[in-house]
Amino acid sequence: MSIVIFTAVNLLPGDFATQILGQGATDEAVASIRKDLGLDQPAVARYFGWLAGTLQGDLGISFAQMNFQSNLGGTQLTTVADQIAPRFANTMFLAGVTATIAVPFAISLGILTALFRNTAFDRAMNIGTLSSISSPEFFLAYILILFLAVLNPVFPSLSNIFSDMSFSDRLNKTMLPALTLTLVVTAHMMRMTRAAIINLMASPYIEMARLKGLSPMRVIVKHALPNALAPIINVIALNLAYLITGVVVVEVVFVYPGIGQLFVDSVKIRDLPVVQACCLIFAAAYILLNLLADVLSIISNPRLRHPK
Amino acid sequence: MSGWLWLILAIIAIAAGGYLFRMIGQKVTGNKPYFRDMSYGVAFGYVLAAALLAGSIWLYLQEGAVFFRWAVQGLIIAAIIAYLFRLLGRTVGTAGSRKLFRSMPLTASFGIFVIVVYAFLAIFAGAIAPYGQDEILAAANVAPGGDPAFGGNPEYPMGTDQIGRDILSRLIYGAQNTVGIAFITTCLAFFVGGSLGFLAATLGGWLDQVLSRAVDVLMAIPALIFALLLMTIATVWANAWGIDRTIFMVLIIALIDSTRVYRLARAVGQNIVVMDYIEAAKLRGEGLSYLIFKEMLPNATAPLLAEFGLRFCFVFLTIASLSFLGVGIQPPLADWGTMVKDLGQFINYAQFAPLVASAPLLPAGAIALLTVGVNFVVDWMLHKSSGLKE
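Keeping their order, the protein sequence lines are chains A and B.
Mapped onto this note's numbering, the consecutive letters of the first sequence carry residue numbers 1 to 308.
Mapped onto this note's numbering, the consecutive letters of the second sequence carry residue numbers 1 to 390.
Treat the hints as calculated values from the structure; they're not laboratory data.
Since the model is a prediction, treat every value here as computed from it, not as a measurement.
We put the beta carbon where it would ideally sit given N, CA and C, even for glycine.
Where hints are given, some of them may not hold.
Said to hold, decoys possible - Sample of chain B residues at the chain A side, in silico, Cβ under 7 Å:
1) G204
2) I221
3) P222
4) A320
5) F324
6) I347
7) N375
Taking the hints into account, I'd like the entire structure generated from these sequences.
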C-alpha cells in the first residue's frame, strides 16, 4: 500500500523544484534545490528512505514550508509531523464528537424502527434515512448552514478552531460539521441495526421469549440485541472508517482546520511529503478500523472465539 | 438556553399527553382490546406525531418560514406526481409493465419518474436550454424568480451567476454533463470490473490470486482520497499532453469503482460456477465466452443490476464531490458540483432574500434528487428480488 501511494505521488511530472522557481529557472538553481530536497536520488532509494523515516515517526519536511522558511532566512524547519499533528488532533476531535452523537442515536433509532416495524414511523424513517444516505455531503452541509446558522443563528457556520480555545467554544464551532457527518453516517448504521434485529426476530428463541409474555421492548433489548451485536459493531467501525473520507468535503465546506483540508491544499500545490503523509494516515486509519471491526465481531460472538 | 428549556418542557408535556391519551381511550371505548393492550411507547408515539403535525402546520403558517413552506410544497407535489405517474403506468403499456406498476410503492414510482425526467433532460439538453452553457450574457448577478422588483429578470427565470451565465441553462446542461459522464464512468467500471471478476471466478488459479490481491491493495485506500491523489497527477499530464482533464477523471473513477464491481462479480460468479448447468456446459465443450455470456451473465443479472444502480450513485457523488473540490469536471462545461461551489456564498443572504439563497441549493438538490430517486428504485428492486415480505 505504501508503494502504491509513493509511486502515485512520484508520477507527478514537473517536480516541485521547477514549480517553485517558475519558468525562468536556471539549471543550476533547479539542481541545487533538487539536491536539498533529495530529489536527485533514484526513486527506489527515496522510497526506502521515506519508509524507514515514516516507521521512525519522521515524515520528512514539507517542501512548501522549507521554501518559505529559507526565504525568511530562518533555520528552524517545519517538519510534516509538526504540520499534521495539530490538524490530526482537530480531525480526531471532529470524528469523536460525531461518533458520540451518531452511534447512540443510530442504535436507538434502529431499535425503535425494529420495534415499530411497518408502521408509519418506520416508513418515514426509511424514506428519511435513504434520502440522507444518498445526498452529497455538501448538500446536507448547506441545508444545515441554511437552517441552523443563517436563518436561526444557533451555531456558527465557520469552524475556525484555535488551539487555545475553551472546550465549550470548540464544541460549539465543531457542531455543524459534526451534525453533517452524523446525518451521513447515522442512516447506514440505523438501517443495519434494524435489519440485524429483524433478521433475528424469526428465530425460535425470540418466539419463546414472546410466548413467555415479555414486552416487545424487552424481547428486543434483552434477547435480540446481544446476538445482533456482531453485525452492528461491524457496521459502526466501517462507518467510522467512512467518516475519514467524509471529512475531506465537510472540512472544506466549513473551513475546519483538519487533515482533510491540509490534504486538499497540499494536493493543489503538489507538496509531496505532506500529500504522502496525509494519504498514509487516511489509509492507515481506514485499514485499522476495518481490522478493529473484524476483531470486535469475533470478540462479541462466542462461536467465533472458540473455533472447532 | 430558553430554547432547551422549552424543548424539555415540550417532551414532558408529550409524555404526560401519551399517558392521558391511553387513559382516555380506555375510558371512552369501554376498555376495548386495542387501548387496553396499548403499550406506553405507542401512546407516546401517537401524541408525538400529533404534536409534530400541529407544530408543522403552525410553522407553515408563519411568515418567515419560506424554506419550510417550499419543502412541504415540494414534498406534496412529489407525492402527487408519484401517484399520477404510477396511475399512468398502471393503465398504459404492456401487460408486464402494468403488472410491475401495480405492485410498486410510491417511492419507487417517484424514483422512476425522476430518472425518466433526468434522462430526457440529459438527451435533449441542447434543445431545451434557452441559452448556451458557457454563453456569457449581458446581465450578471440577476436574482432568481424573474421579478424585476427583487432584482430579477423575466428573461432569466432562475437568474444568472457572477459572470452572467444563465443558471437555468447551466442546470439543464449539467444534467447532460454530470449525469452523462457518471453514466459512462459506471458503464466502464462495470465492463472492466465485471469481465475481470467473471474471468477470475471461472478460471481461478494464479489469475484470480493476482487480480484479487491487486484489488485488495487498491481498496485499502479510501476512494475519494485515492481519486483526489490520482486527479492531481492527471491534471499535470493533461496540461502536458493537451488532453481534456475530464477524460482522465472518467478513467480514474472507473478504475477505482471497478475494484468494487470486481469483488461483487467474482463473489456472484463463484456461486454460479459450481452449479451443475455450468458443469454440463463445460462437458458439452462450450468456450469461455459462451460460459460467461450465455450461462453466467443471465443468472447474475439481478444482483448486478442492483449494484449498477448503487454504483451509479457512488460514481455520481464522487464526481460531484471532486467538482466541488475543484478538480472534477472543468469549465466551460456546466456541472452541478462546480455550480454549488461557485454559488455557495449566496446562502448567507437567506435571511432577507430567500430566492437568492436558493441558488446554490438548486444544483445540490438536483444531485440529491437523482441519487435519492435511483436509491428508491434500487431499494424496491432488492426488496422484490429478495422476496422479503416483512
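Each hint, compared with the structure:
Restraint check, G204/B versus chain A: the minimum CB separation of about 25 Å is more than 7 Å; hint violated. Restraint check, I221/B versus chain A: the minimum CB separation of about 5 Å is within 7 Å; hint holds. Given hint, P222/B at the interface with chain A, holds; its Cβ is 4 Å from that chain's nearest Cβ, closer than 7 Å. Hint on A320/B holds. Least Cβ distance to chain A is approximately 5 Å, under the 7 Å limit.
For the restraint placing F324/B at the interface with chain A, the shortest Cβ-Cβ distance is roughly 5 Å, inside the 7 Å limit, so the hint holds. Hint status for I347/B relative to chain A: holds, with the closest Cβ pair at about 6 Å, below 7 Å. Hint status for N375/B: holds, given a least beta-carbon distance of 4 Å to chain A, under 7 Å.
Taken one by one, the earlier hints fail for this structure only at number 1.
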